[in-house]
Amino acid sequence: MNPGYKQEMTKTMKSSILHKFFGLLTLVALLSCSKDPIDENGLLITGRSQCFMTFFDLLGSDHRTVLVSGQTVIDTTAMTVTAVARYGTNMLRLKPYCSVVTDAIVEPTMGIWTDYSQPQKYTVVSGNRLVRKTYTVTVTVQK
Amino acid sequence: MKTITRSVLPVFGLIFLTLSCKTKDVAPEALRNDLLKKTTGPAVVGDRIEFAYAIGTTEGDLKNVKAEASIVGGTGTGFTRFSWFTNRNTGVDQPVQTAADTITNGATSTANIIDVATNKAVTLRYYYYPTEEAKGKDVTFRFSGTSSTGKEVSFQSPAYRVSRMDMKRSLALVDGAKAYVSIADMAVYTKAEVEQNNLANKIDFIYIYRATLGTGNFAFGHALVAPSNADYLKDVTLPTGLAKPRTLIDKRVDVKDAQLRNTTGFDVYIDDIDLQQTTFPNAADFAYGLTADQGAFVKTADGAYAAYVYVNSVNNTAKSMTISIKRLKLN
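Those protein sequences? They're chains E and H, same order as listed. The first sequence lines up with residues 1 to 143 when you count with my numbering. The second sequence lines up with residues 1 to 331 when you count with my numbering.
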């Protein structure tokens, strides 16, 4: 075989291997950059379809709970939350917060001062954002 | 030639680096001073700002120190005669007299250093009491000192804004007696005083103590209640003609203002901006279950004042409470 031809072949093979290597590297890099889906608030959308509330509390202006211990009932079938606020609670200015099943979110956002003199509604949305359950929160005050 | 260049260049480099890093020795000044503002809270009328002014000399003796405030201070403004050291056995700061003839004349305070043979470097405390005139203004201080050699050093402080707030400490409230509080007056009155002095339009809240309240005898405790709240005042015989303003009262449990508390070891302060910017959306007209170190942001019904009412102490047996107030005029 012509030595020049052999050298040219070796060069071509090396170049081909290099191209394949870099191509593979680019593919890996691209795959590693792919993002999981997120919602409009930047929260992760997952595959979970569970959708329920596990805990609920209300804070007064002093950022201490106003609810009577042991009196809060969360009914995940009827989708209701009932609670009793201590005597003297200013029902017009309370800050709610809750816990929900993994990856679920709550709409509208809790953690803002809210008037609880009337029942309030919150929707729990599952991690896959396909299941929505609206809870009605009713708080009564000790008289 | 190449080899010579390669050998010589690093040597030149090293010499250059060594020379470039050499610092010039500058003889320190024989008379030097420094200033530390010890007070971390806002400058409020009724409280003081504390400075530590340090001066030392390596030539001759220290002679005297001077502080010039840009606005004349109140009673108590001036140098103290003592420096302080920490007793290593007890950990307690102890005074040692290092100055005498501490005089304040107008905006200028002076002190003469004593025992100059040993007191080659001292730190003196200077207290400045802001006055009503200084409210809302910036105050600056020029500290200076001289030595026996005739040399003088000085230190110009930055500007410090004096708060527009008013402060009143230790108002004693008693349920059924000294229970009527006026934010405008920063004072507490009895029912008779309200009636006799025509203060019926100046009462912003009333102090009551009820161990329990309501049909279920629920815990209630010490409370501040606006005259507008008929529920909690139904068993109180109010002064004749008492107006019923709905004072906004927003309870807090974690705002332990160091100046209202009036003890060391706390570094939380209510400042002008806190009272200016605190909002009261849907705020109550009462705060109950109050205990020591708690308090409430208060806004008068006419919007004239915002205040923070701090609870210094409560006494269930005597049905009493001691409060301190910071107040800001809003309009």
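Incorrect hints may have been included.
What the hints assert, rightly or not - The list that follows gives simulated cross-link-like pairs (lysine-lysine, DSSO-like), each with its CA atoms no further than 27 Å apart:
1. 143(E) to 319(H)
2. 143(E) to 244(H)
3. 143(E) to 234(H)
Simulated from the structure, these hints should not be mistaken for lab results.
Are the Cα positions of residue 143(E) and residue 244(H) separated by 27 Å at most? Satisfied, since the Cα-Cα distance of roughly 24 Å is no more than 27 Å.
Within a Cα-Cα threshold of 27 Å, do residue 143(E) and residue 234(H) meet the stated pairing? 15 Å, holds
For the pair we were handed, residue 143(E) and residue 319(H), check the Cα-Cα distance against 27 Å. Status holds; Cα separation ~24 Å.
Checked against the numbered hints listed earlier, the structure breaks none of them; every hint is satisfied.
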